[in-house]
Structures are given as structure tokens and as C-alpha cells.
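K.L.:
This is what each chain is made of:
Protein chains: 2
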Amino acid sequence: MTPNRRKVLSLLPAATVAGIASPAIAQTNPQIRWRLASSFPKNIDIMWATSTSISKYISEMTDGRFVIDTFSANEVVPPFQVLDAVAAKTVEIGHTPALFYFGKDATFALCSVVPFGLNVRQQHAWMYSGGGIEQLQTLFNNFGVVGIPCGNTGMQMGGWFRKELISKEDLKGLKFRTAGLAGTVLAKLGVVPQQIAPGDIYSALERGTMDAVELIGPYDDEKLGFHRVAKYYYYPGWAEGTAMTHLVVNKPLYDELPKSYKVALDVAAAAVTSFQLAKYDASNGLALRRLVAQGAVLKPFPQDIIEAAYAAWKEVVEELYAKNPLFKSIHESQQAFLVNNSIYAQIADFSYDAMMFRLMRSSR
Amino acid sequence: MTPNRRKVLSLLPAATVAGIASPAIAQTNPQIRWRLASSFPKNIDIMWATSTSISKYISEMTDGRFVIDTFSANEVVPPFQVLDAVAAKTVEIGHTPALFYFGKDATFALCSVVPFGLNVRQQHAWMYSGGGIEQLQTLFNNFGVVGIPCGNTGMQMGGWFRKELISKEDLKGLKFRTAGLAGTVLAKLGVVPQQIAPGDIYSALERGTMDAVELIGPYDDEKLGFHRVAKYYYYPGWAEGTAMTHLVVNKPLYDELPKSYKVALDVAAAAVTSFQLAKYDASNGLALRRLVAQGAVLKPFPQDIIEAAYAAWKEVVEELYAKNPLFKSIHESQQAFLVNNSIYAQIADFSYDAMMFRLMRSSR
Numbered sequence: 001m002t003p004n005r006r007k008v009l010s011l012l013p014a015a016t017v018a019g020i021a022s023p024a025i026a027q028t029n030p031q032i033r034w035r036l037a038s039s040f041p042k043n044i045d046i047m048w049a050t051s052t053s054i055s056k057y058i059s060e061m062t063d064g065r066f067v068i069d070t071f072s073a074n075e076v077v078p079p080f081q082v083l084d085a086v087a088a089k090t091v092e093i094g095h096t097p098a099l100f101y102f103g104k105d106a107t108f109a110l111c112s113v114v115p116f117g118l119n120v121r122q123q124h125a126w127m128y129s130g131g132g133i134e135q136l137q138t139l140f141n142n143f144g145v146v147g148i149p150c151g152n153t154g155m156q157m158g159g160w161f162r163k164e165l166i167s168k169e170d171l172k173g174l175k176f177r178t179a180g181l182a183g184t185v186l187a188k189l190g191v192v193p194q195q196i197a198p199g200d201i202y203s204a205l206e207r208g209t210m211d212a213v214e215l216i217g218p219y220d221d222e223k224l225g226f227h228r229v230a231k232y233y234y235y236p237g238w239a240e241g242t243a244m245t246h247l248v249v250n251k252p253l254y255d256e257l258p259k260s261y262k263v264a265l266d267v268a269a270a271a272v273t274s275f276q277l278a279k280y281d282a283s284n285g286l287a288l289r290r291l292v293a294q295g296a297v298l299k300p301f302p303q304d305i306i307e308a309a310y311a312a313w314k315e316v317v318e319e320l321y322a323k324n325p326l327f328k329s330i331h332e333s334q335q336a337f338l339v340n341n342s343i344y345a346q347i348a349d350f351s352y353d354a355m356m357f358r359l360m361r362s363s364r
Numbered sequence: 001m002t003p004n005r006r007k008v009l010s011l012l013p014a015a016t017v018a019g020i021a022s023p024a025i026a027q028t029n030p031q032i033r034w035r036l037a038s039s040f041p042k043n044i045d046i047m048w049a050t051s052t053s054i055s056k057y058i059s060e061m062t063d064g065r066f067v068i069d070t071f072s073a074n075e076v077v078p079p080f081q082v083l084d085a086v087a088a089k090t091v092e093i094g095h096t097p098a099l100f101y102f103g104k105d106a107t108f109a110l111c112s113v114v115p116f117g118l119n120v121r122q123q124h125a126w127m128y129s130g131g132g133i134e135q136l137q138t139l140f141n142n143f144g145v146v147g148i149p150c151g152n153t154g155m156q157m158g159g160w161f162r163k164e165l166i167s168k169e170d171l172k173g174l175k176f177r178t179a180g181l182a183g184t185v186l187a188k189l190g191v192v193p194q195q196i197a198p199g200d201i202y203s204a205l206e207r208g209t210m211d212a213v214e215l216i217g218p219y220d221d222e223k224l225g226f227h228r229v230a231k232y233y234y235y236p237g238w239a240e241g242t243a244m245t246h247l248v249v250n251k252p253l254y255d256e257l258p259k260s261y262k263v264a265l266d267v268a269a270a271a272v273t274s275f276q277l278a279k280y281d282a283s284n285g286l287a288l289r290r291l292v293a294q295g296a297v298l299k300p301f302p303q304d305i306i307e308a309a310y311a312a313w314k315e316v317v318e319e320l321y322a323k324n325p326l327f328k329s330i331h332e333s334q335q336a337f338l339v340n341n342s343i344y345a346q347i348a349d350f351s352y353d354a355m356m357f358r359l360m361r362s363s364r
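Just so you know, the sequences run in chain order A and B. For the first sequence, position 37 (counting from the first letter as 1) is numbered 37 according to the working numbering, and the numbering increases by one without interruption. For the second sequence, position 280 (counting from the first letter as 1) is numbered 280 according to the working numbering, and the numbering increases by one without interruption.
It is possible that part of the hints are untrue.
Since the list can't tell identical chains apart, any single copy or any two copies may satisfy a pair.
Said to hold, decoys possible - Quick list of in silico lysine to aspartate or glutamate cross-link-like pairs, DMTMM-like style, CA-CA up to 25 Å:
id	residue 1	residue 2
1	Lys42	Asp200
2	Lys328	Glu256
3	Lys251	Asp266
4	Lys172	Asp200
5	Lys175	Glu222
6	Lys262	Asp63
7	Lys188	Asp255
8	Lys56	Glu256
9	Lys168	Asp69
10	Lys231	Asp170
In short, the hints are calculated from the structure, not lab data.
Next comes chain A alone, as it looks inside the complex:
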């Protein structure tokens, strides 16, 4: 009870006090105003909507007492510095792909995606029911934040290539814009991984100073127009079977939140993860159809590239295991989950999808 409140009550007869709002509410629901920095610009609109949706639901569920103002990439924090800004309390909360920080600790990649890893549904199941959220808190806490899974783009594509790939020899010297541990894998195959801002990619592809780019999937890629300058669009995206993003919250500030606000954040983050994935799932097929109509050429990766990338990934894993025990322990947890989940998934969902694709083709 605030001193003011106590003073007021002492002035009033008991019968009148009963009509006043319960003091417990005033204590457990403090007015809080936070700033959220997103790693995404507003034109990556489904990702950006994840931040504004979190803000909206939290405000609505708390009757406007817990307010989160949202800022897109570079409005207050550059996209790759969201984690640091939250840890430093420059902003209280951020929305970011944790894999952006794999240079600080490779374990961050396991929050989002690693090559040849969990698919979208397995990533969610491992997070919510396979100990994922709990195991990753060690990592997030080491960097002064709490991490809450929030958002998934769904499976991403293998990338746009100016020239057709015939075999793994075609990877030698290829200048490829890619992210996360995929770059480490591809470097072993002779690729020269590139870091370049999204706004500069188109002209680099057009001028031929870059040969290939991997960004997200059909819905977002279409806006950037890569299909006009690098028409070969490769699948499956072996490096990104899922692509999860997180809310990162300054840990001391999170710890001070009343329980009701903590639960609201957790629950809203899980709901918005489903809503974001649903938007991508409702948008990617239509975008892919438009891209193909405009000349994009869909190609499966040659089998020897898949095999070589898988072998290179196993080497990368061994190197990481040798120097990072946390990565080892959490990657092993994901791998065990993948194997156990696949026992059912392959005769259930996978065989159902195979049946449906076959029936849809035959009934056209």
C-alpha cells in the first residue's frame, strides 16, 4: 500500500472504504512503460507486426497499465545491437533473431536455427515441451537478459543464385550473402560468405559483385526483387528448417515485474509466435506463385551439394563441441528431440502430406 493511499484510508469511515478499488490491485499492477527495439524494419511487415502485436495484447490484457512502445530497426538501436542495448538498459525489451549474436556465443544459433536441425514444429515442441526454454536461459542470463521465444518465419529458402548450380564445384569462390552458421559450413565448401546490408544486395547482384543471396522466403524476398537479377531459387533450405526469433528482456527489470505481467509476456509471446507463423503460411504460397510467374526458376540443390554441406556441418559441430560445452549440451538435446519426434512425424504428418500432394496432383 502506498503511503498516500494509507493516509487517505485513515480519513474515511470503514463503510465507505469498501466501495474503493481493492488496494491489492493497485500494488500488483503498477503502471509500467517500456521501449521495445526490434531488429526488423517496418517493411518486413510480418516480423514487425510481431512487436506491435505483443505491445497491443499486453496493453489490452493489463488495461493499459503495462505499455510497450515499439521501435523498428535503427529507430533507437541498430538491428545487430538489440541484445546489447537490452542488457545495457538502453531499452527494456527487444525483438530479435538470437542467431545474430552467434559471434558472442555459437549457442545463440540454437535459439533460432542451425543447419540440418529441427524443423518449425520440432523447434516449437522442443522449446515448449522439450526443455528448450529452460536450457537456453543459462545462455540468455549470461548476457544479462531473459529470452522468450516469439515468432517464426517458417522454413526459409536456400537462396537466389545468378547461375544454375550443377555440382558442388560450382560453390568454389561463390560470393554468397548468408547468415549464421550456414556461412561457416559454406566456407568449408569454398564459398566466400558476404556480409552486406539488405538495401545493397540488389545492386551487388545486378553488377555481379555478388553471386547469390539468402534472405528469408518468398513473401519477403519478393519485395526486394532478387528474382529479376538472380532467377534461380533453390530448395530445400538445409540451413534454415525453422527460423525462430525471441523477445529479450533486461533481466533485473524482468525479475522486478509482478507475476501477472511475466505470465502475460510468456503467454502473449507464445500466441504471437503462432499468429506470425500463420501469416507467413498464408502468404508464402501466393508469393511463390507470383515469383514463378515473373520468371523465378525453382531448383532443388544438387544431391552432392546437400551431402557435402551435411558433412561440413558435422565437422563444424565437432569443432563447436570441442570448445563450447553449452552448445554441445543444448545441441545434443535438440538432436535427441529430433530423432524421437521423427519416429512418429514420418509415418504421421509426413506420410499424410505426401498422400495429399499426390492426390492434389492427380485430381487437377
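Take the given structure of chain A and dock chain B to it, following the hints.
P.N.:
What follows is chain B alone, placed relative to chain A:
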């Protein structure tokens, strides 16, 4: 503002008033206590946990002001009467598979699952981002309730059979316990669909008065021991590519809820849907491995049974379209979503899963 509150404020100087809890809180957060009837018994533990999780999160997010007491099947309402009980205000809210009510209106099946329909992820995407929730409110409102998607078991199996199926001829006269529109489809193929309480299935299979049963999937089926009396376990479950359940809320009571409680229900329901699916995804693979170790024999349905079931389903759809415009309109919406989503799903997630299964097999 309540009259009491107004009276109190008029006695106080303005500076002191500022220290009092906002009157908006007292008005917008009324104390509410509801009863939830589940269609599930407590030993179908993952489904039952969906009800108790909703109750827990809603209470925590509202600081104990919106309380939902949970009752399992038959504690206050029989499993197939949850919808009626909620409409009649016997209980305020229920958790139930809407397809239980397809006898009232076949459109209810589209809330949960129809044969050869959406898979799990497509069902969620259609609900959240394909207009599903909105379109289905017409149906729910016709029956005096509001429907909120809440829970999914994931893809279900095709069933346990006492004898191996060699061709569609083996379906003639088969006494098969199944649910929803699958029974209508199978009747066209000569099956005699059975309604029988779960507790009586085991002995009916053992005595041979029933030939086959379809219930849920490995995790739940294992507890009932069907593999000991009907060892052939068939896939893919063409009748249940997804299996969604709903919260149904008495409509007048829902409409009276403050906005913050409505949003809390929506958001918690979406989060718990992910959590429930995650638990099944973490459990079904391990259960399937145990079942096979105990003698269950996994079998794909013969191709001619799949083809015959698909043809029969198309007949059922035509019959339903002719007599139920709401079913037609909503099924067409789902089918359009299925086709558009599949354009990307088959080169993205499906080809990723195919690659992973192949790599896992070759690296054993």
C-alpha cells in the same frame, strides 16, 4: 465510476486523489468465477491439461480476479453434451472437440478436422490468418456460443485392426469404431461404423465383436492397450490430418466480459494450443517406439483403400454442399487455403523433412 467511489472522491483534495488506485481498474476487472466442463477424462492427460492450463494462465494474468474451475468429462456434464450445457448456461465455458456436434451441423467438423483436409499447421494458419475463426463464429453463434480454437492433438493414426488389410475388399462388413465424417465415408466402402464408449473397446476387440478402432495417436492409444488385441496400426490417418479442439463460451456471458478478459482468453487459448501440440509432439514418437517393441505392427493403408476413401469423401462433400451452404462456404475456404499453402509447403517444409529423414537413415 461507482456512486460510492464518486462520493468518496468528492470528500478529498485533488492532490490526495492522485495517490489512489485508478478507479478504471476496479470497474474493468470484476471478480468472476466460471465453471469449465471438459469433454475429456483426466487420464487423457494432455487434453485435460489444456483446461487446467487455461484456468491457471487466466487466473495468473488477472491476479486471481477471473477464476475458472475445471471439471473433467462426466463430473458435471457428459462429454458429448458440453456444447448444449454451455449454451444452456449449466456451465459458462467448455473444452470440447467441435466435431462431436457434427450431427447438429456438419460444419462443426470443419472446426476440428475433415478427411483429406488441412494438416495441423494449415489448420492453425487458416484459423489465425485465413479467416477461419471469423467464419466459424456464424456457426458457433447459431448454437448460442462463441468458439475459440484451443488445442490440437496433432495428426492422428488410421486405427488399430485385428487383421491385416490387403485391399478395399477387406473393408466390407468391418465393424470399426471411428468418429466424425470418417464414419460416413467408410460406410460407403462397406464398413459398419460403431459407436462404443472407450472403456468398452478393449474387450470388444478381444472378443472379436469389433474388428478395428481409431481413437487418437500413440501416446493416448498406448494407455488403452489396443496393440495387445489388434496389432496392425495403420497410417496415414487420412481422416485426421489435424485434430483441433475448442473453448466454447456462453455467448451472452462472453459479450459481457471486459475487453481485457476477452483478450486474455483469446491469447491464452492460442498459447495453450501450441503447448498442447508440443506435448504430443514430445510424447508420440517415444510411445510409438514402445508400442512397436511390444508387438504393434505399423502398416501403410493399401493404395486402393486410400483412393476409394478419397472418392467416397468427394461424394460426401457433394452431398453436404447440396444441403448445407455454410459447410460449402467454409470448406471451400479451407480447400483454397490448402492449395495455396501447399505451393510453398511442398518445396519448403516437406522437402526439408524428406532430406532429413534420408540423412538420418544414412548416418545411422
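K.L.:
Work down the list of hints and note, for each, if the structure agrees.
P.N.:
Structure-based check of all given hints:
| no. | hint | in the structure |
| --- | --- | --- |
| 1 | Lys42 x Asp200 | within (17 Å within a copy, 57 Å between copies) |
| 2 | Lys328 x Glu256 | neither (32 Å within a copy, 52 Å between copies) |
| 3 | Lys251 x Asp266 | within (14 Å within a copy, 28 Å between copies) |
| 4 | Lys172 x Asp200 | within (23 Å within a copy, 65 Å between copies) |
| 5 | Lys175 x Glu222 | within (21 Å within a copy, 53 Å between copies) |
| 6 | Lys262 x Asp63 | both (15 Å within a copy, 12 Å between copies) |
| 7 | Lys188 x Asp255 | neither (43 Å within a copy, 60 Å between copies) |
| 8 | Lys56 x Glu256 | both (21 Å within a copy, 21 Å between copies) |
| 9 | Lys168 x Asp69 | neither (47 Å within a copy, 61 Å between copies) |
| 10 | Lys231 x Asp170 | within (16 Å within a copy, 51 Å between copies) |
Hint compliance for this structure: hints 2, 7 and 9 are not met, and every other hint is.
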